[in-house]
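Asks: Start from the sequences, fold in the hints, and give me the full structure.
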Amino acid sequence: MKDLLRKLGCVILMALLVFFTVSCINDTYEGSGNNEELGNNEELGNNEELGNNEELGNNEELGNNEELGNNEELGNSEEPGNNEEPGNSGEPGNSEEPGNSEEPDDLPVGIFFTVTNTNEWNNALSTIKSGGNGPLNGQKYYTITVNSDIMVIGSTDYSFGTIYNITVTINGNGKLYIIGQGYLLNIEVGQTLIIDSEDLILEGLKKGQNDSTLDNNKALIYTYGGTLELHNGTIRGNNNAGSDGGGVYALAGSFTMTGGTISDNISYRGGGVFASNFIMTGGTITGNSSPNGNGVYAGSFTMSGGSINNNNSRSELSYVNSQGGGVYVASSGSMSGGYITDNSSGISPFNNSNDFSGLGGGIYVAAGSFTMTGGTISDNIARGGGRFAAGGSIHYNIAGRLLAGGGGVFVSDRASFTKTGGGVIEDNTANYGSNVCWGTNVNSALGTLAKYRTNSLGVNDDFSTNLLSGWD
Numbered sequence: 195m196k197d198l199l200r201k202l203g204c205v206i207l208m209a210l211l212v213f214f215t216v217s218c219i220n221d222t223y224e225g226s227g228n229n230e231e232l233g234n235n236e237e238l239g240n241n242e243e244l245g246n247n248e249e250l251g252n253n254e255e256l257g258n259n260e261e262l263g264n265n266e267e268l269g270n271s272e273e274p275g276n277n278e279e280p281g282n283s284g285e286p287g288n289s290e291e292p293g294n295s296e297e298p299d300d301l302p303v304g305i306f307f308t309v310t311n312t313n314e315w316n317n318a319l320s321t322i323k324s325g326g327n328g329p330l331n332g333q334k335y336y337t338i339t340v341n342s343d344i345m346v347i348g349s350t351d352y353s354f355g356t357i358y359n360i361t362v363t364i365n366g367n368g369k370l371y372i373i374g375q376g377y378l379l380n381i382e383v384g385q386t387l388i389i390d391s392e393d394l395i396l397e398g399l400k401k402g403q404n405d406s407t408l409d410n411n412k413a414l415i416y417t418y419g420g421t422l423e424l425h426n427g428t429i430r431g432n433n434n435a436g437s438d439g440g441g442v443y444a445l446a447g448s449f450t451m452t453g454g455t456i457s458d459n460i461s462y463r464g465g466g467v468f469a470s471n472f473i474m475t476g477g478t479i480t481g482n483s484s485p486n487g488n489g490v491y492a493g494s495f496t497m498s499g500g501s502i503n504n505n506n507s508r509s510e511l512s513y514v515n516s517q518g519g520g521v522y523v524a525s526s527g528s529m530s531g532g533y534i535t536d537n538s539s540g541i542s543p544f545n546n547s548n549d550f551s552g553l554g555g556g557i558y559v560a561a562g563s564f565t566m567t568g569g570t571i572s573d574n575i576a577r578g579g580g581r582f583a584a585g586g587s588i589h590y591n592i593a594g595r596l597l598a599g600g601g602g603v604f605v606s607d608r609a610s611f612t613k614t615g616g617g618v619i620e621d622n623t624a625n626y627g628s629n630v631c632w633g634t635n636v637n638s639a640l641g642t643l644a645k646y647r648t649n650s651l652g653v654n655d656d657f658s659t660n661l662l663s664g665w666d
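For the sequence shown, position 59 (counting from the first letter as 1) is numbered 253 according to this note's numbering, and the numbering increases by one without interruption.
What the hints contain is simulated information worked out from the structure, not anything from laboratory work. Heads up, the beta-carbon is just placed ideally off N, CA and C, and yes, glycines get one too. Hints are supplied without guarantee of correctness; some may be wrong.
As the list claims (entries may be wrong) - So the derived label-pair ranges between C-beta atoms look like this: (1) Asn317 to Gly436: 50 to 60 Å; (2) Ser530 to Ser320: 11 to 21 Å; (3) Asn317 to Gly562: 42 to 52 Å; (4) Asn316 to Ser498: 34 to 44 Å.
Replies: Here it is, written out as structure tokens:
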């Protein structure tokens with residue numbers, strides 16, 4: 195009986211439990227769908243404290259942005275997987291310069307060749323010729339690196355064809371040398387050639403050099419209207435005794451020398467350089483020979499640095515007149531720095547049969563004007579004069595015997611000379627005008643001497659060939 199009552203009590207308790215559970219469910223169901231705080235309430239599914247709460251599934255700290263899950267662009271953000279972070283730039287999966295960063299500032303931009311033999315050299319020139327013109331307001335750039343001794347056949351053809359707006363730089367540690375008469379390099383109008391390596395050698399043609407039995411009949415490097423720049427390297431060993439320009443011929447264009455060496459060249463005018471416009475800021479011109487400008491023959495000459503030294507006329511050339519041991523200036527010139535030393539004009543020092551014809555051991559100015567505001571001109575030998583200059587330092591120039599004038603300065607009657615603001619002209623020797631001589635432009639011997647000055651000109655002595663006073 196007790197067991198029966200116990201069982202009955204359990205049944206009643208379970209029935210009551212079911213009743214209260216159903217009642218609760220009904221109450222809950224009746225409130226849903228109509229309650230502002232459920233289903234349709236901003237606080238359910240759209241409430242900041244639920245599914246869209248910054249602190250729940252949509253929080254910046256849970257790896258999703260604030261607009262994820264309720265954003266109009268869900269799953270398709272403004273730049274999906276392409277943010278500014280590396281590997282996710284504005285261009286999907288591709289950084290701004292993928293695997294091809296900008297060229298360093300110290301490297302030229304253009305096409306590069308490395309050549310070690312004649313075929314590779316010729317192929318490089320052919321590629322440049324066929325490459326077309328550069329941009330209208332710019333340049334197309336090429337660089338040729340010479341890494342061995344390369345034989346080149348002399349030619350009168352344009353080295354880079356007739357295209358324009360191109361700049362070609364030649365560098366390396368090898369040597370380009372010619373066999374057969376002609377130019378090593380011929381630069382056309384609208385083209386720029388830059389020579390720029392300390393160990394690079396450009397070598398010309400003369401008897402006994404590289405087994406040659408011929409002298410050349412052309413300059414080693416030629417341009418008519420182009421632009422030439424020598425920064426580093428050596429231009430040497432070309433015998434063009436019958437015409438103008440031994441090392442370089444640059445007419446109607448320009449030649450700028452900032453470094454390098456031009457040596458051991460021969461020509462009729464401008465043993466080292468023949469140029470209409472020559473600017474020298476550095477480098478060395480030495481050991482060249484010509485009856486008119488052993489080192490340089492220039493229409494316009496500007497020197498602010500570098501050295502022109504040991505350029506001397508040679509007896510084997512057998513010219514009657516020799517003018518400008520260092521430099522022959524045809525129209526105008528200036529010197530603000532650099533050195534012109536140990537040059538000579540005349541066939542050979544104190545040669546009795548010929549030395550009367552030499553004029554201007556340092557510089558000879560045929561016409562126009564020359565101004566010197568700095569630099570040094572010293573130890574030049576002139577059978578007829580030292581130089582024409584203003585300012586700077588001019589000393590120990592020697593004029594040979596017989597008809598010789600202007601040991602320090604020789605000024606043609608078509609030129610003018612003014613010394614002002616400093617400089618020294620002293621210790622020069624000549625039969626006429628040890629330091630300054632002004633006379634007719636000679637075509638044979640010395641011509642008629644007009645006036646001269648024997649006394650030295652010191653730092654504070656102003657002087658001009660246009661003055662009537664100050665002459666001996």
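Asks: State for each hint whether it applies.
Replies: Here is what the structure says about each hint:
1. Asn317 to Gly436: 50 to 60 Å: 33 Å Cβ-Cβ, so the 50 to 60 Å window is violated.
2. Ser530 to Ser320: 11 to 21 Å: 43 Å, violated
3. Asn317 to Gly562: 42 to 52 Å: 46 Å, holds
4. Asn316 to Ser498: 34 to 44 Å: 38 Å Cβ-Cβ, so the 34 to 44 Å window holds.
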